[in-house]
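*Asks:* What follows is each chain in one-letter form.
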Amino acid sequence: MKQEIHFVTGKGGVGKSVIAAALALKLSMQGKNVLLVELGDQSFFKDFFELGEVGFQPRSIKPNLSLALWSGESCLREYAQYLIKIESLAKLFFDNAVMRAFINIAPGLPELAILGKVTSGPRKYGPPMNFDAVVVDAFATGHFKALIQAPKGMAQAVQFGPMGEQSRSIINVLKDETISKYHIVSLPEELPLKESAELAAAIKEELSVHPSLVLNKMLDVKVSRETLQKEEQNSSSDLGKFALYLEQQLDRQAEMFKQAQLQHDSIKQVPLIFELDAWGLVEKIVEKV
Amino acid sequence: MANRIFDNTNVLVCVGSGGVGKTTVAASIAILAAKEGKKVLVLTIDPAKRLAQTLGIEGTNDVTRVPGQNFKGELYASVIDHKKTFDDFVERAAQKSEAVRKIFDNSLYKQLSTNLSGSQEFTSLEKLYSCYESKQYDLIILDTPPTKHALDFLKAPQKLSALFTEGVAKWFRDPEGKKSGFFGHLIQAGTRQVLKVLETLTGSQFIRELGDFFLNIEQWQGKLLQRTIDVQRMLVAPTTRFFLVTSFDQAKLKEAEYFSREIRKGGYQLDTVILNRVFPHWLDLRVGYEGSTAEQDLAELYSQMKSYYNQRDAIYRQFETKMSQQARVLRIPDLVKDISDLAGLEELSTLIREQETL
Ligand SMILES: Nc1ncnc2c1ncn2[C@@H]1O[C@H](COP(=O)(O)OP(=O)(O)OP(=O)(O)O)[C@@H](O)[C@H]1O
Ligand SMILES: Nc1ncnc2c1ncn2[C@@H]1O[C@H](COP(=O)(O)OP(=O)(O)OP(=O)(O)O)[C@@H](O)[C@H]1O
Ligand SMILES: [Mg+2]
Ligand SMILES: [Mg+2]
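Going down the list, the protein sequences come from chains G and V. According to this note's numbering, the first sequence is numbered sequentially starting from 118. According to this note's numbering, the second sequence is numbered sequentially starting from 102.
Simulated from the structure, these hints should not be mistaken for laboratory data. We put the beta carbon where it would ideally sit given N, CA and C, even for glycine. Please note that a few of the clues may not be correct.
Derived CB-CB ranges, DEER-like [unchecked claim]:
{"no.": "1", "chain 1": "V", "residue 1": "Gln397", "chain 2": "G", "residue 2": "Gly169", "range": "56 to 62 Å"}
{"no.": "2", "chain 1": "G", "residue 1": "Asp212", "chain 2": "V", "residue 2": "Asn109", "range": "52 to 58 Å"}
{"no.": "3", "chain 1": "G", "residue 1": "Arg176", "chain 2": "V", "residue 2": "Gly138", "range": "54 to 60 Å"}
{"no.": "4", "chain 1": "G", "residue 1": "Gly169", "chain 2": "V", "residue 2": "Gly367", "range": "48 to 54 Å"}
{"no.": "5", "chain 1": "G", "residue 1": "Leu209", "chain 2": "V", "residue 2": "Glu455", "range": "30 to 36 Å"}
{"no.": "6", "chain 1": "V", "residue 1": "Gln397", "chain 2": "G", "residue 2": "Leu379", "range": "44 to 50 Å"}
{"no.": "7", "chain 1": "G", "residue 1": "Arg240", "chain 2": "V", "residue 2": "Thr161", "range": "45 to 51 Å"}
Covered stretches of chain V (in silico footprint by chain G; criterion: 3 or more residues with CB under 8 Å from a CB of chain G, positions within the stretch not fixed) [claimed, not checked]:
{"no.": "8", "segment": "174-184"}
{"no.": "9", "segment": "332-341"}
Pairs of lysine-lysine, BS3-like flavour, derived with a Cα cap of 30 Å [claimed, not checked]:
{"no.": "10", "chain 1": "G", "residue 1": "Lys298", "chain 2": "V", "residue 2": "Lys249"}
{"no.": "11", "chain 1": "V", "residue 1": "Lys438", "chain 2": "G", "residue 2": "Lys202"}
{"no.": "12", "chain 1": "G", "residue 1": "Lys334", "chain 2": "V", "residue 2": "Lys297"}
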């Protein structure tokens, strides 16, 4: 079986992490061995799921489900160790102050290192990754665009040597829709939707793939319009105000959904769930993703 | 701690992770200050189209007097154009026009000036500083670019200048090693292996490209370092304050606590945390459930939602208690509508004002 790679992206705060976790949990419940990956150097899930340490090496958090935190520097470090095979030499390299400053700032290098690691399974490059699926809780819009543009930029700037070769093989994996899937999370609100439309266009243009839209926090109301309107008459009561709020939200949501349909081929809807427990929330979303 | 968010303040920096409402809140506070008679400039980043129209800054990067205002003071706004600000900086920093052209043509520069994490933070501060230097405003409010964590904003420019202080450019000055530049420096430092590793990892062509890039930008070093120092001085001045906008969830609140501690360590003043979009504006948690004749499904949804927000309220209170030593916490409701006209911004600013005086 081919390894699947799922990238979950979207505007800040729209629910990327929660949707990524739900997707990972869902795949793991189907019997796949799943790795959920966070990017950067601070873990969100550590506090969210109240876990102990979360680091570069995957740790199991549920049956069939592991979690890891990958930064540009840690990915590069592993890549270096794999290539040079001498740990002390790799250490010397990364402990060098100039090198550290350089690695953190060199255009595209951290991005390339992360993508190299994420795609290392299908490329059969680097330490083995024994997972059937990798779900990446990826960067928000702007940084995600920079992430997927990095290999092309690098391949153009450096045609020869390992950087160019690696870049080209990463691009091949990112463009292969049997392996790589892209999920853009958004909200039924104007600004997030506008950003998702632009992001979808950018991903299509860069990789010729078809990202899908996940419309999160949709109010799920089973009450009829008549009932709402009846209750609204009682405008001084809290319930009356609630009914009015629901109706306004439903109208706005319907309009936003129409707009989203014009911009995206595939849309999944995830309801707003009144649940504060982290796993409780994620479990309830599983059926929807 | 000042009474008001902008008392005795010339610069107000609005930080927070992506999507929490920084731009909206920054504009609302600007209105609040203008109403009180101040000459205010709000520097926004990527505002929504309609908000930009409201502020009169759609399609322009110039500082613009916000149209249709009738305040005691005056409100000005501007959108920060990162590419242009970066290019302007380079033009000023590079002494010869020949050098400027060479830099603009370098493909790595093109990436650095627009794409690189850190460059937007740099240009935001650069723009802020040049407006600050002009001394034309009583108060400048800076919106900040979307980052994963609030703290990233302050770390980014330092990352950029670390590159120069650590002398990377020196490494590349003489790639052939004729003048004991690149190689010489390494051998001197006894770290010839470090170079070998870099070459194994990236290939020699990559190193050449980078060398070219660093040689071109080396001349900025002095200007950049000076600028970093000036900007830093402005940021820790007693008349500069930060406020954090954050949304709800336990992880975010923890981050806010961490942020407030770290920012204090850095010598900055953070005295307000704004919890944005905490409850829908109509919800009054003090009112108990009325047990009316309403339809079952509606009543159920209502009590579900209410108990959810009640639990959140408890978490907010804990957070407020924890933070009370360090900063005041303001809660802003979700207005459940698009906030893009002056009326909407004013509504939000009134809510902020009410919270301040609680
Ligand atoms: N369907 C939902 N129903 C209710 N709450 C939700 C839902 N989806 C997400 N949330 C809540 O919304 C908040 C933001 O979600 P999350 O942290 O996943 O967003 P994000 O896009 O990853 O944010 P960031 O850009 O900061 O990483 C969290 O408090 C989360 O619990
Ligand atoms: N209190 C509020 N009530 C209702 N809507 C709000 C409120 N605050 C912000 N919003 C809405 O939330 C959305 C995001 O706000 P905004 O663009 O200001 O966030 P931001 O932090 O600047 O985002 P980014 O990090 O992407 O720049 C906007 O559509 C805005 O109108
Ligand atoms: Mg997240
Ligand atoms: Mg903004």
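*Asks:* If a hint holds in the structure, say so; if it does not, say that too.
*Replies:* Quick rundown of the hints versus the structure:
no.	hint	result
1	V:Gln397 x G:Gly169: 56 to 62 Å	44 Å, violated
2	G:Asp212 x V:Asn109: 52 to 58 Å	45 Å, violated
3	G:Arg176 x V:Gly138: 54 to 60 Å	57 Å, holds
4	G:Gly169 x V:Gly367: 48 to 54 Å	28 Å, violated
5	G:Leu209 x V:Glu455: 30 to 36 Å	59 Å, violated
6	V:Gln397 x G:Leu379: 44 to 50 Å	37 Å, violated
7	G:Arg240 x V:Thr161: 45 to 51 Å	46 Å, holds
8	174-184	violated (count 0)
9	332-341	violated (count 0)
10	G:Lys298 x V:Lys249	22 Å, holds
11	V:Lys438 x G:Lys202	57 Å, violated
12	G:Lys334 x V:Lys297	51 Å, violated
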